[in-house]
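Colleague: The hints should help you fit chain B onto chain A, whose structure is shown.
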Amino acid sequence: MAGNGNGRLSKAPGAAIALAVPALLALPVGVGLVGVVLPAFGYLPALGGEAFSLAPFRQLLATPGLGTSALLSLASGLVTTAISTLGVALFLAAFHGTAGDRLARRLLAPLLAVPHAAAAFGLAFLIAPSGLVFRLLAEPLGFDRPPDLLIVGDPLGLAMMAGLIAKEMPFLLLVAFAALPQADPVRRMRLSASLGYGRMAGFLLTVWPGVYRQIRLPVLAVAAYASGVVDVALILGPSLPAPLAVRLVAWMNDPDLSLRFMASAGALLQLAVTGAVLLLWIAGEQLTAALRRRVTGGGRRFAEEGATRLAASIPVALAGASVFFGLSWLFVWSIAGFWAFPDVLPPSADLSTWSRVLPNAAGPLTTTFLVAILSASLALVLVVMLLEARRRQFPAAAGRAVRLSPAVAGLIYLPLIVPQIAFLFGLQVTLLSLDLGPSIPLLIAAHLVFVAPYVALALADPWFAVDPRYEQVAASLGHGAVAGLFRVRLPMLTHAVLTALAIGFATSVGQYLPTLLIGAGRLPTITTEAVALASGGNRRVIGAYALLQTLLPFLAFTLSGTLPRLLWRSRRAMKPA
Amino acid sequence: MVQNRVAAMAMAASLVFAGGAWAQVAPDAAWQSVLDEAKGETVYFNAWGGSQNINDYIAWVGGEVKQRFGVTLNHVKLDDTAAAVATVVAEKAAGKDTGGSIDLVWINGENFVAMQEQGLLAEGFATELPNWQYVDTSNPSVTVDFTVPTKGQESPWGGAKLVFFSDTARSGPVEAMPKSAGELLEWAKAHPGRFSYPAPPDFIGSSFLKQVLIETTPDPAVFQKPVDEANFEAVTKPLWDWLDAIQPVLWRSGRDHPQNYPAMKQMLADGEVEIIFAFNPAEASSAIAAGELPDTVRSFTFPGGTLGNTHFVAIPFNSSAKAAAKVVADFLISSEAQLRKEDPRYWGDPTVLAMDKLPEDDRDAFAAIDRGIATLPPSQLGPVLAEPHSSWMTRIEEEWKRRYGN
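Chains as they are written, first to last, in this note's numbering: chain A, 1 to 577; chain B, 1 to 406.
Same shape as in the complex, but just chain A (with noise of 0.2 Å):
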């Protein structure tokens, strides 16, 4: 292909690389679905199940508290997505083009860079009863104890789903500012300010279907997550019953070896339930464009917008603060001597905790680091390989939007979609009857599974959005398919190529079960040591592990904000917007 110089790909190729990509990294899930579907139905001859039989499902439904446990999930997945998805459309109507918004941007590595856990965590630390909130309140009521509430764990999952709604916005605004360009959003404004529509209002009517159309897939692997999320869970949610998600991993953990049928079968419902959740948004689609066009046919301006825009900051400017309050709770932890309630602050401090942590602390990182840049590299690779393919399916697509088949996108976010617990076992089993002991490369290509989506995810729509017609300008000018890729390509969209790779790169950091599973507790990662280390419930290294979780994902998101910013600086146009 580099050599012919005609800048011309023939289709059948192509077309080849699109399904290949994406088959290639479905099939370990759905290698890994077999492994459950079959113990689901009572086959697994090494715990003694020789015959097919419905008796898991028998179980399962016969457990005490299910369909509470499955509610929990639909509704977290359901409601995290949608406070998310509104406080970020209402952040930006309100305040796109605005300080408040360049600000935004600038606070976004920080609060990317955070792992999940962390950010429970910190929220716990800042809502629970014994926590900053309840500290500064103990002096003016005058309590010396906690007050017996249950607010962290609270039996509806309002805890667990504000964790979950701190860590998924800042995700959506990410994502949300790449699709911003590709939304035309001065025009429009223009044109729906001249009509007189207020700057929320046109904002929400004109610009936003613009930008959702884009984010849309983002936003449904946010309700898939939420749905089926495990750690956020274990700390913020309700423990009687917990979610669906939470008691699958006890199942499946569980010393009564037996209850890993019933867990399979747990591990099919809760594929049930992560389904539902996305049809029924997506009816909730419907009905939202619906809802929109009556709004517009009805006429009204909002041009009175008085407090509104100050109320649209609250959910983002919640969510940052509580992400950033809770990051410096958990450093002052990492460094406190004993510190009782209801002191706000430490009595005494040093860095012993620190001293301990730091010496081991690097070889994991190491690994980290190695597995997430290699793992972030070749997903960007296949993925480039991939948008490029189907692009090119459509040579003439000026102005048409490209997008990847149902097909295809239903393959690349199967990993997304399906819980991890619930396919990592039959993977498991697979790769260790291929003899395929535990390696870097081995985890690379685990973490590459899960890496690869997000990696897409981020990049589809900015791929797709670039004017083909400066290619079509290229080869006019004698280069070729390569040299454009190379050339025009790519360096016009460096921005949003270094943002998919610091998402891949976060996303490899902070997997936990394909690293100790497939990993064999061979090669620990800086995330299995902070996990084994959190379940020793010490506020000291837990402060410490999480900040040092944080370190490297956080190095990449700034790179990835900066490096455009100095490789174009002498460019007007290439500026970031």
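These are computed hints drawn from the structure, not numbers from a lab. For each residue, glycine too, the CB sits at the ideal point set by N, CA and C. Just to be clear, a hint being listed does not mean it is correct.
[Unchecked claim] Under the rule of at most 20 Å between Cα atoms (straight-line distance), these lysine to aspartate or glutamate pairs were calculated in the EDC-like manner: (1) B:K96 with A:E50; (2) B:K39 with B:E128; (3) B:K237 with B:D219; (4) B:K189 with A:E50; (5) B:K96 with B:E117; (6) B:K225 with B:E117; (7) B:K66 with B:D36; (8) B:K401 with A:D154; (9) B:K401 with B:D241; (10) B:K401 with A:D256; (11) B:K39 with B:D28; (12) B:K225 with B:E398; (13) B:K151 with B:D202; (14) B:K96 with A:D435; (15) B:K66 with B:D56; (16) B:K401 with B:D202; (17) B:K225 with A:D101; (18) B:K66 with B:E336.
[As the list claims (entries may be wrong)] Some chain A residues close to chain B (C-beta under 7 Å, calculated; not the full set): (19) A46; (20) G153; (21) S239; (22) L240; (23) L257; (24) L432; (25) S433.
[What the hints assert, rightly or not] Computed far set for chain B versus chain A, every beta-carbon distance over 12 Å: (26) G50; (27) K151; (28) E336; (29) P377.
Modeller: Just chain B now, with coordinates in the frame of chain A:
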């Protein structure tokens, strides 16, 4: 401080001496061949990694076995032993009967019973270890784990005994604290919202239920046999009555429970609850040393006895370094390793060795350990109540979930 250092030096001297004495005993030929085989092997030791102290102790063991026996020890840190069980299950499912990824696993109770039942453990080895001669075999829990005979398939590592902690600064002297499950119930009624227990199947939570079960049943001998559905309801009725009575006065009115012992420890530190319990009598002292609990916390126990058991290390059936795993298991029950383990500066876990079987110097070294202000000496820990057959717990956990779990 100076005094501490002198004590440490004296101890170090006695250790060197003890190590020398051990080396003089000519190992028999069978053990020598194990040692020969072990040299150069790598042991992947899967053990809970939630405590920096324990992790540091295991790292020390790694250094020692490397130096003495040429065995490399890698600590695979787990958040739950179940992950190790799952790995061995997966390996068996894949037909990987040799060259497995786990060589040694820290285990006891239900996890052990499950692995033994499914044939996931190597054949018995513990009684052939040279240091077995020092093990306190008069303690039944060393050879019978949760009423199931270990058949030597796990080697004892440390003892456990249920003890209670409270903060004397908030709750007054420990002498006034409850002395039985019945008194605990009365105390909880007088202090609503200040007591809780981890929700089963958490290990500590389940153990607490067993304590109440044994105390409230007129004839606990029934628990040494597997659960009998015919009399399950009648036998466990006093337990449910007790739990029903305490439910409304629990922390958060019983609508939530702490996740595990560490969570309870944090709740004691924050003043959310006033009585907590642990399986390691030295927990409170080491938590005070780590700045996790105030130095006003003290221990107490029930004079009528509390639950006690032993934790072990076992070798999976498909381990790729069985000889080296045995060498590590043997070192873990050497008086030197056990002494360091019982010292709260390193870990504070009770020994499984019998004092009267040890050479005099070692015995003195154990007696000289400074257990810390919050730790009861072994003589004041009270009688041991034996663990019920594990099938009781399975049924009780199910029933608990049905009653309080939703």
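Colleague: All the hints need checking, so say for each whether the structure fits it.
Modeller: Quick rundown of the hints versus the structure:
1. Taken as a hint, the K96 (chain B) and E50 (chain A) pair is honoured in the structure, with Cα atoms around 19 Å apart against an allowance of 20 Å.
2. A hinted pair counts as satisfied when its Cα atoms are at most 20 Å apart, and K39 (chain B) with E128 (chain B) qualifies at roughly 19 Å.
3. Distance check on the hinted pair: K237 (chain B) and D219 (chain B) sit about 13 Å apart at the alpha-carbon level, within 20 Å; holds.
4. Simply put, K189 (chain B) and E50 (chain A) have alpha-carbon atoms about 51 Å apart, too far for the 20 Å limit, and the pair is violated.
5. At roughly 18 Å between alpha-carbon atoms, K96 (chain B) and E117 (chain B) fall within 20 Å of each other, so this suggested pair holds.
6. With a C-alpha separation of about 17 Å, the suggested pairing of K225 (chain B) with E117 (chain B) holds against the 20 Å cut-off.
7. Annotation: proposed proximity of K66 (chain B) to D36 (chain B) holds, straight-line Cα distance about 13 Å (limit 20 Å).
8. Annotation: proposed proximity of K401 (chain B) to D154 (chain A) holds, straight-line Cα distance about 18 Å (limit 20 Å).
9. This hinted pair checks out: K401 (chain B) and D241 (chain B) have alpha carbons roughly 15 Å apart, not beyond 20 Å.
10. For the hint linking K401 (chain B) to D256 (chain A), the alpha-carbon distance of about 16 Å falls within 20 Å, and the restraint holds.
11. With a C-alpha separation of about 17 Å, the suggested pairing of K39 (chain B) with D28 (chain B) holds against the 20 Å cut-off.
12. Taken as a hint, the K225 (chain B) and E398 (chain B) pair is honoured in the structure, with Cα atoms around 19 Å apart against an allowance of 20 Å.
13. Among the hinted pairs, K151 (chain B) with D202 (chain B) is inconsistent with the structure: their alpha-carbon atoms are about 26 Å apart, more than 20 Å.
14. Our distance criterion of 20 Å between C-alpha atoms is met by K96 (chain B) and D435 (chain A), whose separation comes to about 8 Å.
15. Restraint check for K66 (chain B) and D56 (chain B): the C-alpha separation of about 15 Å stays at or below 20 Å, so the hint holds.
16. At roughly 12 Å between alpha-carbon atoms, K401 (chain B) and D202 (chain B) fall within 20 Å of each other, so this suggested pair holds.
17. For the proposed pair K225 (chain B) and D101 (chain A), the alpha carbon gap of about 69 Å is over 20 Å, so the pair is violated.
18. Simply put, K66 (chain B) and E336 (chain B) have alpha-carbon atoms about 16 Å apart, close enough for the 20 Å limit, and the pair holds.
19. Hint status for A46 (chain A): holds, given a least beta-carbon distance of 4 Å to chain B, under 7 Å.
20. Because the beta carbon of G153 (chain A) sits about 5 Å from the nearest beta carbon in chain B, less than 7 Å, this interface hint is met.
21. Satisfaction of the interface hint for S239 (chain A) is found here, the shortest Cβ-Cβ separation to chain B being roughly 6 Å, below the 7 Å cut-off.
22. Restraint check, L240 (chain A) versus chain B: the minimum CB separation of about 5 Å is within 7 Å; hint holds.
23. Given hint, L257 (chain A) at the interface with chain B, holds; its Cβ is 5 Å from that chain's nearest Cβ, closer than 7 Å.
24. Interface restraint check for L432 (chain A): the shortest CB-CB distance to chain B comes to about 4 Å, inside 7 Å, so the restraint holds.
25. Residue-level restraint check for S433 (chain A) holds (minimum Cβ-Cβ distance to chain B is 4 Å; threshold 7 Å).
26. In this structure G50 (chain B) is not separated from chain A by more than 12 Å, as the shortest Cβ-Cβ distance comes to only about 3 Å.
27. Even its closest Cβ contact with chain A, about 18 Å, leaves K151 (chain B) beyond 12 Å, as expected for a residue assigned away from the interface.
28. E336 (chain B), annotated as away from the interface, keeps every beta carbon of chain A farther than 12 Å; the closest lies near 23 Å.
29. A cut-off of 12 Å between C-beta atoms confirms that P377 (chain B) is not in contact with chain A; the least separation is 25 Å.
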